[in-house]
Amino acid sequence: MSNYKVTLRVFALISLILSSFTVFARGVYQTDQNFLAEAFNNSVPKSKVVWVKGELAKTITELLGHNYAGLRIRYWRNDQRSVWILEEIGKEKPITFGVVIADNKITTMKVLAFRESRGGEIRHPAFTLQFQHAQLDNMQLDRHIDGVSGATLSVRAMTVVARLALYLDKFTG
Amino acid sequence: MNRRMRSLHRSMGALVAVFVLMLATTGILLNHTSDLDLDKRFLTSDWLLDHYGISNVEADAVYLLDRHTISQFGSQVFVDATPVTQSEVPILGGIIIDDLMVLATEGALLLFTPEGEFIERMGGSVGIPSMIQNIGLFHGDPVVQTRNGMWRSDFMLDQWKQLSLDGVGWSEPQAMPSSVQDELATFFRGKGITIERVILDIHNGRILGKYGVWFADLLGAFLVLISLTGLWLWGRRRL
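So the sequence lines, in the order shown, correspond to chains Y and D.
Heads up: the first sequence at position 21 corresponds to 21 in this note's numbering, and the numbers run straight through without jumps.
Heads up: the second sequence at position 213 corresponds to 213 in this note's numbering, and the numbers run straight through without jumps.
Simulated from the structure, these hints should not be mistaken for laboratory data.
Certain hints may be false.
To be verified - Below, a list of computed lysine-lysine pairs in the DSBU-like style, where the Cα atoms sit at most 30 Å apart:
hint, chain 1, residue 1, chain 2, residue 2
1, Y, K46, D, K40
2, Y, K93, Y, K105
3, Y, K105, Y, K48
4, D, K40, Y, K91
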């Protein structure tokens, strides 16, 4: 087989592998219902809403760096914890995050749905565990979150959502 | 030799005169782009916009609710000509209940104020039935048809009961009103191509694509040649 053909085949194989990773990065990893059932041990309380208006709207805009895309945010709370399912744009498409908060600290942070073609690495526990026990300190997370190469905007979206969920938990608590 | 050169000079002169006029006119306009606001005015001609590859925009779905036109272009949802939210899945219908506009997708309901502001997306986590196929009204109450049957709720949209009903007014897709179509065309295409860009493309020939550039090169070569023949004739007369 000529060198040209071998090079072409290797290139095609690498392209196939890379495109497979791209496809696998997208998807719904956990449904909202499953996440809620898991967070509340199958006893999901009735949802509540907080209206995004007045000072809260201003603070949320400062936290996100843009206006919140909606007039109300739905959440679930029992005596021990609150759960927030929030969306934030990574690069072009919204990423759905699930956040569980107890005692003003994040206990669980998950990527429930990822729609971008790149940056899906943020769903891995190796990354999300950085948010465990994180809390707000002067509107910032009390710790540094290590980035992921090639997923800067997804990491930013997740960090912003963590701060937003912690703030909303305090606001509604 | 002198006569042949004069004949060549005249023929080329007539040939390039029209294009010299065009070059001069477009050149003067380009010199005064800011004064004439050519960089702030945009193309509206369908023919020219099509020429630039910005074709007519067609909505994937259109629903008329109250006095608003709801449309979807890809994942972008519009109320009239304003982008309001995104939906990765198709909008299947819409209804008005009390003070809410409610759009249905396969797995969620999208809520809007009567003014068209996006309120929130209600999905399976708050009890919205899955696999929705259409949404309608039955005596003022919201009803959704799903693959698993028909479900009815009230204005709160958080409690759904499965039942079978006759006489539901189902939402149906409609044609885009021409006034909204024009506004959306302005949204998508209105700020696409400036007048300055068109004049510049006429000036350098790019308006005709790569052949236009070659044509402009040929015209440039003619201008060089006509200058040389003119100089030669001028020089000969002085001798």
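| request: Assess, step by step, whether the Cα of K46(Y) is no farther than 30 Å from the Cα of K40(D), and give holds or violated. | output: 53 Å, violated
| field | Proposed proximity, K105(Y) with K93(Y) (alpha carbon, max 30 Å) | value | Since the Cα atoms of K93(Y) and K105(Y) sit roughly 27 Å apart, the hinted pair holds (cutoff 30 Å).
| query | K40(D) and K91(Y): Cα distance at most 30 Å? | reply | Satisfied, since the Cα-Cα distance of roughly 29 Å is no more than 30 Å.
| message | For K105(Y) and K48(Y), compute the direct alpha-carbon distance and say whether it is at most 30 Å. | response | Between K105(Y) and K48(Y) the Cα gap is close to 20 Å, so the pair holds against 30 Å.
In terms of the numbered hints stated before, the structure departs from hint 1 and from no other.
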